[in-house]
Amino acid sequence: MDAVTATDTGATYDARGLVELDGSVPRIATVDGDRAELDARELSTRKINAELRWLLYERGVREVTVHNPSARHSLGVGILTRCRITFEGSLGYFGCGLIDGPEVQINGRVGWSVAENMMSGVVVVEGNSGSLAGAALRGGDLVIKGRTGARTGIDQKGGTILVLGSAGSMTGFMMQRGRQIICGDVGPGLGDSMYDGTLYVAGRVASLGIDCVEGQWTDADTELVERKFSIYGLGSPPPLRKFVCGKKLYNYDSLEPSERKLVL
Amino acid sequence: MCGIAGIIYRDGGERQVGRDMTRMLQAMKHRGPDSTGYALYRPEAVGYVMHVKLAEANGQGDFEFAERLRRQRDEIEARIRAQGARVRTSDPSTDHALTVTFEHDGDLKRLADYVEGVRGAEVLSLGRSLEIVKDLGDARTVAADYGLEGYVGTHAIGHARMATESDVDIANAHPYWAYPFPDVAVVHNGQLTNYHQWRRRLERAGHRFQSDCDSEIIAVYLAERMAQGDSLEEAMRRSLGELDGVFTYICVTEDALGVAKDELGAKPLVLYEGDDIVALASEEIAIRKVVDREIETHDPYEGEVMVWTR
Chain A
4 MDAVTATDTG ATYDARGLVE LDGSVPRIAT VDGDRAELDA RELSTRKINA ELRWLLYERG
64 VREVTVHNPS ARHSLGVGIL TRCRITFEGS LGYFGCGLID GPEVQINGRV GWSVAENMMS
124 GVVVVEGNSG SLAGAALRGG DLVIKGRTGA RTGIDQKGGT ILVLGSAGSM TGFMMQRGRQ
184 IICGDVGPGL GDSMYDGTLY VAGRVASLGI DCVEGQWTDA DTELVERKFS IYGLGSPPPL
244 RKFVCGKKLY NYDSLEPSER KLVL
Chain B
971 MCGIAGIIYR DGGERQVGRD MTRMLQAMKH RGPDSTGYAL YRPEAVGYVM HVKLAEANGQ
1031 GDFEFAERLR RQRDEIEARI RAQGARVRTS DPSTDHALTV TFEHDGDLKR LADYVEGVRG
1091 AEVLSLGRSL EIVKDLGDAR TVAADYGLEG YVGTHAIGHA RMATESDVDI ANAHPYWAYP
1151 FPDVAVVHNG QLTNYHQWRR RLERAGHRFQ SDCDSEIIAV YLAERMAQGD SLEEAMRRSL
1211 GELDGVFTYI CVTEDALGVA KDELGAKPLV LYEGDDIVAL ASEEIAIRKV VDREIETHDP
1271 YEGEVMVWTR
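As they're listed, the protein sequences go chains A and B. In terms of the working numbering, the first sequence is residues 4 to 267. In terms of the working numbering, the second sequence is residues 971 to 1280.
None of these hints come from the bench; they were simulated from the model. Do not take every clue at face value.
[Claimed, not checked] Short, incomplete list of chain A residues facing chain B, as computed with Cβ under 7 Å:
#, residue
1, S73
2, R112
3, N131
Bear in mind that the values here come from a model prediction, so they are computed numbers and not experimental data. Every residue gets a Cβ at the ideal spot worked out from N, C-alpha and C, and that includes glycine.
Take the sequences, apply the hints, and build the full model.
Here it is in structure tokens:
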């Protein structure tokens, strides 16, 4: 397709307004053995991710530090290898989504949907997080040292989300498996429509969501929480309450209005 | 989707607010490329400033289009004078928009209504310091067309629109002036589901609506509450219960800027409170265009209302 226009972001658009794929890798990182440093200030999102892939998949780098991510979206996504990535700054939306294996350290804040659909690995956020942190998380650990927004771990299917600050409304909404440890307060609708999994909360619960009930604390819970806190050097855990699915929604216990009419 | 942004300088000083807001909105172009709007507050000045739209930017221009616009401009000026106002300046910002500054002691609603009697005319904003500029295209295009790069002011809000519920035109672009209350404007990201209910209520109370856009309700709703004695914060808190739907909106008055989020927290907002400025936007990437360093930001929670005064 012709009529390709260039923009100051480095991306090009074709006549339909779609982004043209530019697969070239900038290759500007300084590589020292299996470590690399990358200054992302002048690069577009696409170029930063292309550079990361090149370093990790082709140059055999195992440890990358990215400077100046400048709160851009979709950085460090889809990395499917064991490695360490450090972002010296904040990320925008969808940071480190769809990853399988990396240990990521973010020395800043993240926007919405950090580590969404992570299969395995670790993402540690030093600052606050936006909403939908760990959406559809499958495995691995997501540690947020600040506060997080609404709907943390929506549709979570595994893994652990550990938040040192507070969380917003609908935390654990529709979660199916996995664990969340929230050390601060949580907003209204905790665990709304959850199928399974466990929510641990240290602070005040504004209100429970539909079919979320307080669970029985067991030794396995103590072991899990203490293990996670010790892995990330967070000291001793605060006293927590446990919330699980009440399983009332598994079966219908009330009739639809039309059926009720038939019975009567 | 839409992107919204706001900026207020805490020391009450005047800065390059046009340039700052353009950078913020341009960074969020991907959230809404249809139209871009600004509500800018000029420094303390004599008299009033009125922005008037003469025709839609994407309307059909017939052979006499330019001539008709010229006649409309003359008619608007004549009508302002006829209401007893003293016109100081009158500048066509673009072909289809006009900025008039004037001094007036009479009823502003009557004046605005009389001006809107001119066919095709719509008063985009009216106030001692509020200036609303909105047009089709991204922030850079609108800023260049209306010469906003050098605009010096005290605070501003802006909006990058992705049209979902109504047309792509200036009438449906944000921000909305809270007709007929001077110096109040709103930008909104979301959808209101009890729009028709509120529109009927407010129309019965005598308010006019220029667009079919749900967001226009918020501006008029808040201004009416304030006219009845509520503070901006009280009006905004009340709106959380009375407006239904998903929303994050920013409301500005002559000396304050407030933000409110619905009880689901469904629409994003990132807040930066610095020593010198408060900047808020749908995405942090916009704030970083104004504060170019690593900053501490957070997302306000559901049901939160915050107001800053300059």
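Each hint tested on the structure:
The interface hint given for S73(A) holds, since its Cβ lies 6 Å from the closest Cβ of chain B, which is under the 7 Å cut-off. Because the closest C-beta pair between R112(A) and chain B is about 6 Å apart, less than 7 Å, the hint holds. About 4 Å separates the beta-carbon of N131(A) from the nearest beta-carbon of chain B, less than 7 Å, and the hint is met.
When each numbered hint is compared with the structure, no violation occurs for any of them.
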